[in-house]
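Work out the full structure: start from the sequences and follow the hints.
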Amino acid sequence: MNLAHEQLGDASSGRSIAFMHGFTQTRRSMLGLINELLASSARFNAISVDAPFHGESQHVATDVSGAADALVDTCGSAIYVGYSMGARICLHAAVQHPNAVQGLVLLSGTAGIIDPAQRQHRRDADNELADHVEQVGTPQFIQEWLAKPMFALLPEDQQDIAQRCTNSAASLASSLRKCGTGTQQSLWEKLPTLSMPVLLITGAHDEAFCQHARRMHELIGETATLHILEDAGHSVHLEQPAKTAEILSNWLATL
Numbered sequence: 001m002n003l004a005h006e007q008l009g010d011a012s013s014g015r016s017i018a019f020m021h022g023f024t025q026t027r028r029s030m031l032g033l034i035n036e037l038l039a040s041s042a043r044f045n046a047i048s049v050d051a052p053f054h055g056e057s058q059h060v061a062t063d064v065s066g067a068a069d070a071l072v073d074t075c076g077s078a079i080y081v082g083y084s085m086g087a088r089i090c091l092h093a094a095v096q097h098p099n100a101v102q103g104l105v106l107l108s109g110t111a112g113i114i115d116p117a118q119r120q121h122r123r124d125a126d127n128e129l130a131d132h133v134e135q136v137g138t139p140q141f142i143q144e145w146l147a148k149p150m151f152a153l154l155p156e157d158q159q160d161i162a163q164r165c166t167n168s169a170a171s172l173a174s175s176l177r178k179c180g181t182g183t184q185q186s187l188w189e190k191l192p193t194l195s196m197p198v199l200l201i202t203g204a205h206d207e208a209f210c211q212h213a214r215r216m217h218e219l220i221g222e223t224a225t226l227h228i229l230e231d232a233g234h235s236v237h238l239e240q241p242a243k244t245a246e247i248l249s250n251w252l253a254t255l
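Last residue of the sequence shown: 255 (UniProt numbering), numbering continuous.
Please keep in mind that the hints were generated in silico from the structure rather than gathered at the bench. Wrong hints could be hidden among the right ones.
No farther apart than 20 Å at their CA atoms in a straight line, the calculated lysine to aspartate or glutamate pairs in the EDC-like style are these [said to hold, decoys possible]:
(1) 148 <-> 131
(2) 178 <-> 56
(3) 190 <-> 134
(4) 178 <-> 134
Laid out in structure tokens, this is it:
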């Protein structure tokens with residue numbers, strides 16, 4: 001199963017990097033980070049992918065595990081970079097297809113929810129939010145979504161908002177129901193089995209995901225690198241694109 005995608009950079013470089021965006025976004029949301037990396041003289045083939053239920057992959061209906069399979073089917077052997085929901089998908093890809101994932105970069109990522117009761121509570125909340133999306137429609141929901149405190153440091157970008165609004169309310173609702181954190185398998189116990197290099201990046205103002213990143217760093221062990229950016233929140237690569245690209249470029253140079 002292939003997902004909609006576009007390629008940038010140097011297809012002949014021999015190094016492919018796959019990029020997976022977050023909830024409500026599209027593959028275009030990763031282009032700023034990709035262009036910053038390319039401007040740093042890094043040579044690679046960038047593959048920016050639309051997640052299931054998003055962009056031109058809105059017709060692809062699957063859960064997080066299936067999304068990971070589809071992502072690897074689309075991009076093959078590569079370094080995988082994911083943000084938030086995309087980070088959860090990329091982490092599943094690394095667990096399910098370790099031979100294809102040469103390196104893993106998680107921007108504001110988590111390995112899921114361990115406690116079954118908490119996971120059910122999150123599933124119920126995501127289902128309620130899905131119902132709300134269908135009731136109010138995409139434009140109003142995007143406005144409400146970006147008003148959350150976790151996005152307080154995200155610069156207002158009308159082009160980004162317009163891209164988010166290309167996702168239908170039905171697709172976003174389905175994403176919450178099938179790919180929300182409450183529906184996915186917890187992968188915390190799988191982290192020590194990861195053998196590829198892993199880079200974890202979070203924003204200092206996003207304390208919940210800083211805690212996730214510190215714990216993931218500890219469990220993965222010596223193959224993991226952790227960076228916490230000051231003056232950044234959840235959307236670290238959109239809030240601090242140049243700094244995020246610098247960290248990623250320096251890490252790539254060590255592989």
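Okay, the hints, checked on the actual structure:
| no. | hint | result |
| --- | --- | --- |
| 1 | 148 <-> 131 | holds, 18 Å |
| 2 | 178 <-> 56 | holds, 18 Å |
| 3 | 190 <-> 134 | violated, 35 Å |
| 4 | 178 <-> 134 | holds, 15 Å |
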